Each structure stands twice: as structure tokens, then as C-alpha cells.
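Visitor: The listed protein sequences correspond, in order, to chains A and B.
Okay, so the first sequence: first residue is 1 according to this note's numbering, each after it adds one.
Okay, so the second sequence: first residue is 1 according to this note's numbering, each after it adds one.
FYI, nobody ran anything at the bench for these hints, they're computed from the structure.
Just so we're clear, the structure is a prediction, and the values are computed from it rather than from any experiment.
Where a beta carbon is used, it is the ideal one built from N, C-alpha and C, also for glycine.
The reader is advised that the hints may include incorrect statements.
To be verified - From the derived model, a few chain A residues whose C-beta atoms are all more than 10 angstroms from chain B:
{"id": "1", "residue": "Thr21"}
{"id": "2", "residue": "Arg99"}
{"id": "3", "residue": "Ala110"}
{"id": "4", "residue": "Arg122"}
{"id": "5", "residue": "Ala143"}
{"id": "6", "residue": "Glu168"}
{"id": "7", "residue": "Asp259"}
{"id": "8", "residue": "Ile261"}
{"id": "9", "residue": "Arg270"}
{"id": "10", "residue": "Leu280"}
{"id": "11", "residue": "Ile281"}
To be verified - In silico lysine-lysine, DSS-like type, Cα no more than 27 angstroms apart, as pairs:
{"id": "12", "chain 1": "A", "residue 1": "Lys31", "chain 2": "B", "residue 2": "Lys12"}
{"id": "13", "chain 1": "A", "residue 1": "Lys15", "chain 2": "A", "residue 2": "Lys31"}
{"id": "14", "chain 1": "A", "residue 1": "Lys146", "chain 2": "B", "residue 2": "Lys12"}
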Amino acid sequence: MPSLKSLRMRINSVKSTQKITSAMKMVAASKLRRAQSQAEAARPYAVRMERMLGTLAASVSGPLAPRLLVGTGKEQTHLLLPVTADRGLAGAFNTNIGRLTRNIARRLEADGRTVRILPVGRKGRDYLRRELASRIGEDISFAGRKSIGYADAAAIAQRVTALVESGEVDVVTVIYNRFHSVISQIPTETRLVPAPVPEAGSVAAGGVVEVEPEETEVLARLLPQNLAVQIYRALLESAAGEHGARMTAMDNATRNAGDMIKRLTLNYNRARQANITKELIEIISGAEAV
Amino acid sequence: MPIDLEIVSPEKMLFAAPVEMVTLPAAEGEMGVLAQHAPMLVLLRGGTVRTWAGGKVVQSLYVSGGFAEITPTKVTVLANAATPPAELSRAAAERQLADAQSAYTAADKNDVAATSAALDAIQSAQAMVEAAQAA
Numbered sequence: 001m002p003s004l005k006s007l008r009m010r011i012n013s014v015k016s017t018q019k020i021t022s023a024m025k026m027v028a029a030s031k032l033r034r035a036q037s038q039a040e041a042a043r044p045y046a047v048r049m050e051r052m053l054g055t056l057a058a059s060v061s062g063p064l065a066p067r068l069l070v071g072t073g074k075e076q077t078h079l080l081l082p083v084t085a086d087r088g089l090a091g092a093f094n095t096n097i098g099r100l101t102r103n104i105a106r107r108l109e110a111d112g113r114t115v116r117i118l119p120v121g122r123k124g125r126d127y128l129r130r131e132l133a134s135r136i137g138e139d140i141s142f143a144g145r146k147s148i149g150y151a152d153a154a155a156i157a158q159r160v161t162a163l164v165e166s167g168e169v170d171v172v173t174v175i176y177n178r179f180h181s182v183i184s185q186i187p188t189e190t191r192l193v194p195a196p197v198p199e200a201g202s203v204a205a206g207g208v209v210e211v212e213p214e215e216t217e218v219l220a221r222l223l224p225q226n227l228a229v230q231i232y233r234a235l236l237e238s239a240a241g242e243h244g245a246r247m248t249a250m251d252n253a254t255r256n257a258g259d260m261i262k263r264l265t266l267n268y269n270r271a272r273q274a275n276i277t278k279e280l281i282e283i284i285s286g287a288e289a290v
Numbered sequence: 001m002p003i004d005l006e007i008v009s010p011e012k013m014l015f016a017a018p019v020e021m022v023t024l025p026a027a028e029g030e031m032g033v034l035a036q037h038a039p040m041l042v043l044l045r046g047g048t049v050r051t052w053a054g055g056k057v058v059q060s061l062y063v064s065g066g067f068a069e070i071t072p073t074k075v076t077v078l079a080n081a082a083t084p085p086a087e088l089s090r091a092a093a094e095r096q097l098a099d100a101q102s103a104y105t106a107a108d109k110n111d112v113a114a115t116s117a118a119l120d121a122i123q124s125a126q127a128m129v130e131a132a133q134a135a
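Can you build the whole structure from these sequences, using the hints too?
Guide: Pasting the structure below:
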């Protein structure tokens, strides 16, 4: 049986761990609220952009159509954008993305395709570097930043656009945790290039839409913007998911620490009592001997 | 008859209210939109979106570029970035203009995309300076 002192020390150390995890849980909860409202605020733009794209995309086809919309015509080189957090302690949040990315990469390579990975977030990069290091070129991380803005998504979109326009990659897929609820984030893959064309919008339903200056020109501006919006959405969903996952993980940790403290306290009290009993026996048997 | 106006940036909804008339900085020139306008999709350059009532400007908002969707009952402006002119700083606008101009000088003139992007940036920055001056 461990000594009373060592038990006391263990109880204290678990107690301070519990304080940390419960503080982290509360921080995650407040960050989650902010991330959710940010995602909420970004929705109107995405909805309207999709509607416009639907109206325009229907009118443009053939060899003049931009690459971002129809792709390069082949499916040889795939670019994967796994979006993860920069910090851990969020349960299986980062691992899920890493595993999904790895599976997709393996599947594509088994089909004879070339895979390139542009990890967004430090944890995903570290995970994928163990097995797929040769496919990773550069990576993007927002470590140390308070919040992500649209400008960050636009910068990523610009890099992706450059890769597609130069013909270096044919298909672009983003892999991120879709925020389903606080306790459930669903790892999701969404194709960005060639752009999935939404249903024609409400404008087209009313009849002919005039486009100024020209369909192709507007589309050439709209598509990179749309790409940025899609990436922005993935980043926001992932941020909300991260805080949700951390909240759940820390809640569990706090509860486990509570259980552990209970168990240790029980042991401690038993040991204390055994000590007292032992001392009593010693005293009594000493007195009897006299 | 009023027309519904919505101004949205990627980060949030900025303005949603019915207005009498709105003028947009369209790529091919300033355009005024009243209710019952023909459906259109318009590319916007950098400039000021103004709402009007009774022949006077009610509100204005500087946008750095974007798109507008016009239907007979509604105008939706998708702005890349939008700021009220009162919050624009003239010094910052002029700095941006200078940056844009040097980017244009540095741009490879054979690269059509880069050149036109630089020209757009100059245009947008110029509109920003003007908007800041007017405020």
C-alpha cells in the first residue's frame, strides 16, 4: 500500500489537472460560441454567391469555360487540403482528418493518380508528415492567431487558383470537420475544382438575365471568389468543430479526474484508518504486556 | 416604389433595407437602379454604393469590388470588402494607391492577367481616395 504522503500528493496533482481541464472546457465553450456566430454571419454571402454562380455557370460551356469551373479535362493530379487545428487536446478531431486524408491519398495512388497535399493547420501537417511526407510541399498554419478572417481564406484560394491555372493540379478537394453538433463533427471531403455547379438560381427562373460586362469575364472573377468562400466556410466549420471537440474532450477529462480523485480519496482514508488501527493495536498490546 | 437592397461581405451581412434608388459602381460605369429594373448580373469595380431618397444621398458605403445581382424587386451586392467612407483614412487610401501603382510598374506587361489585376487595384485605390476625400 502506498504511503499516506504519496497518496496525498497524487490527489493534489489530479486536482490541479482537473482545474486546468475544466478551465480549458470553459474557454472552449466561449470560443465555440464566437466561432459559431462567425460561421452564421458568413452564410448569407455564400448562399447568394452560389445562386449567382448557378445563374452564370448554366450559360458558359465548351473550351472557353474557365478551368476552375470545368477542370483541366483530366484527373491525374489531385490536390488535397486537409483542414485541422493547430492545437491538440481535442479528442479525435485532428486524427480523424489525418486518417481520412491518408485513406483518400492511398486510394487515389492505388488508382495510379498523383497526390499532392497542402495541409492547413499544424496538427494535420505533423500527422501526415509521418507517412506521406513526400506529397507535402508547403503548408499553411494559423498558429498564434486569434481568429481567422476572410483574407486568410482568400490567400489560400489564390495559391490553389495559381496551381490550377498553371495546370499543375487537376482536381482540388478540401477535407475538413463539418460542424454537426457540439459533440459530433463529421469528417467531410468536398470537391472545390472542378466546381460543383449549383442549381440555376431564382434570377434565371424569371427569364433572361443580362450580364455585364460578359459572362466569361464575370465568371473569371466569380470563380476565384467562390473558391475563397468555400475555403472560408471549411475553415470556419473546422474552427467551430475544433472548439466543440475540445469542449467535449475536456468535459470528459474533468469527469475522469473527478472519478480518480474519489478513488484516491477512498484509498487514502482506508490507509489512514488502517494506520490508526495498527497504532491502537500496538498501544493495547503494549499495555497488556505490562 | 422601394427596392430591397442587400449588401453582403464574405464575413457578414452589412445592410438590408428597402431603398428608393441605389447607385452602383459597375465595371462599365456608374449605374442607378430603381424598382422594376431588368434582371442583371453586374461586375463592380472599386467605388461607392449610394442609396438615394428624394434626390439626396442617404447612405454611402465604399466597396473595393465585387458583384451585384439585380432583379425587379431586389438588389444584392456581394462586396469583397466594404467600409463607410467616414471610416476611411485618406492617408491609408493614398498609401494603398501608391502600393498599387508600384505593383503595376513592377508587373510584367506581357502577363495580361497580372497587368489587369494591377490596373484594377489602382482603380479601386483611386476610388478609395476619392471616397475618403468626399467624406
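Visitor: Find the hints from earlier in the document that the structure breaks and name them by number, from lowest to highest.
Guide: Checked against the structure, no hint fails, so every one of them is satisfied.
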